[in-house]
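Colleague: Given chain A, work out where chain B should sit, using these hints.
Below, each chain spelled out in residue letters.
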Amino acid sequence: MLEFEGNVMVFGLPLIGKTVLARNIFLNKLKEGYGGIYITTNDTGEDVLEWFKDFNVDFKVIDCISKTIYPDAEDTDQIKRVASPIDLTGISVWTSRFIDSYFRTGKRDVIVLLDSLSTLLMYTNPQTVYRFLHVVTRRIKATKSKALYIVQKDMHDNRTITTLKQMFDGIIEVKEENDKKFLRFISPTYKTDWIEFTINKKTVVI
Amino acid sequence: MKLGLPIIDDLIDVPSGKVITYYVDPEVEGDVFVMQTTHKNLEDGYKCCFVTTSMSPMTARNRFKEFGFNVDIENFSIADAYSGIVGDVSNERYFIRDPSNIDELSEVIERVIEENDLIAICSLSTMIDMCGEEILEKFKDWKSLATANESVIVSQFIAWPYEKRIIDTVKDLSNAIITIGGIHHRVILGQYYGLLKVDWTKVESRSVLFKLAKPGGIRAYIPKILVTGPYNAGKSTFVHAVSSKAISVDRLGTTVALDYGHVEYKGFSIDVFGTPGQERFDPILKVLGGEALGVILVVDSTKPETFTRAKELLEKTTKFGLPYVIAANKQDLPNALSPEEIRKRLNLPKDIPIIPTVANKGIGVYEVLDALIDLLTRWSYEY
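Line by line, the protein sequences give chains A and B.
Each residue of the first sequence is one higher than the one before, counting from 148 in this note's numbering.
Each residue of the second sequence is one higher than the one before, counting from 1293 in this note's numbering.
The set of hints was computed from the structure by calculation and includes no laboratory data.
Hints may be right or wrong, so weigh each one.
[Stated by the list, open to error] Reference listing, derived: stretches of chain B covered by chain A, where coverage requires no fewer than 3 residues with Cβ under 8 Å from a Cβ of chain A:
1) 1319-1330
2) 1336-1348
3) 1368-1378
4) 1447-1455
[Claimed, not checked] SDA-like mimics (lysine to any residue), calculated; alpha carbons at most 25 Å apart, straight line:
5) B:K1435 to B:G1474
6) B:K1503 to A:P273
7) B:K1463 to A:Y277
Beta carbons: idealized from backbone N, C-alpha and C, even for Gly.
Chain A extracted, bound-state conformation:
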């Protein structure tokens, strides 16, 4: 699986397998002993845990959606719920708190998956999201953690995508050609060729 440092965008058209790919990278890091923080803006925290159930891994979830559907939804030890996808402060606060709690228990390697940045951009204007990213990406770097941010291609204007790209250390780009899926990693210092991959149920095979 791909190795990367810092903040990386996972970028591609809808329904191409970005989420499964990002979840597989996240999963591999958990298996290596990383602490994990999954920020979900589309599925409930319980749905995210259900997806990972068979893999026997432990991680934390920041659930941005449950309270918009069920205002009475309560936190659990594993799932913390922020008020809505507009509550960027809540997301920022819980990301820092979870990183802190991992550090305090001696876990110094942490991976964060934000699924997805596109949803945040649907609810809030780009400038607000840039400001939020500025704070979160800085925290990721300061703690030498890793983070993945899923972004839908063709959903945002070019200016937004260009600005976002500048905020990340690299991009995992995903495309489909002739019914085959490909990915490549691009960073200012490193670029892979397009690599074919398939998805077998929940598993990405390169």
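Modeller: Then chain B, alone, in the frame of chain A:
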């Protein structure tokens, strides 16, 4: 009005017509400050409106309840500037259908100001994000209206990396600013709030560590205070006298490990650790001192021959520059030295508080705590 915050409430009363801003680090929870201020003023009988911008009214009510703040009362209302964003309708007394529409938002907020004593905006930064910085022009009008109507506006401003002119405008519009921040060291080690600016009276800058309790809200927090002193000076008695609950590990009446006590006092939640006075336990001082924020040195005022040891203990526990105060204990016994005599014999600077105590009768122990809290909360910081 009061803001409902430990320490800050001792320093300022908020006159009507003022704008108070909670200036919040984006990695620290700030909603609770606006909620605690709202709750305090509801308790004091004021009519309060909470303007919700990034959570549904029901989620907001649940958040109040989580902190133990009762808002199911007639004087409380919500101005709903959230439901419109996600296409919901609202049953609240005030509803902004399109929170990105400056004119509609401002019209409703003006009505809120006219009809309430306290307007709690959570958050101003979300309004700026939704409407653009032009909303700050409207905010100037809200401020004038609040002055005319003798209301108070409290708002939360999340310190995202906005352009400097936006931040400066928010600061200029505020009559008082309370910063809420994290002590950053790769990760956030602690959280604090502090009074940065007050333009209607002169007060000393203060900064207070806090923790959030559910229920309970904001609790000023001093993580650990060490109580040290020579053998038989009365350390264990002091710890027990000052604590609401305390335990000691002792043998034949003297402490052989440590005393532990916990005290809830003036909005502070304090853990108090008493160290053994005998030299063979000195290595433990280093361990205990590592995380302490302040030291209380208990001396037997009738035994100046133990003062050399007292000075030694003080040096061992405060070598990291911890603030300390002296409890001049056993003041009820004959031949007890006065605090000033003790200062001379211990060769202490004039600004070190020396408080007379009779720990076994509980006399003076809280004054000692007051003096240490005063030292601990008198940090200054940059604005």
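Colleague: Next step is simple, just say for each hint if it's right about the structure.
Modeller: Evaluated hints:
no.: 1; hint: 1319-1330; verdict: holds (count 5)
no.: 2; hint: 1336-1348; verdict: holds (count 4)
no.: 3; hint: 1368-1378; verdict: holds (count 3)
no.: 4; hint: 1447-1455; verdict: holds (count 4)
no.: 5; hint: B:K1435 to B:G1474; verdict: violated, 29 Å
no.: 6; hint: B:K1503 to A:P273; verdict: violated, 33 Å
no.: 7; hint: B:K1463 to A:Y277; verdict: holds, 22 Å
In this structure, the hints that do not hold are numbers 5 and 6, in rising order.
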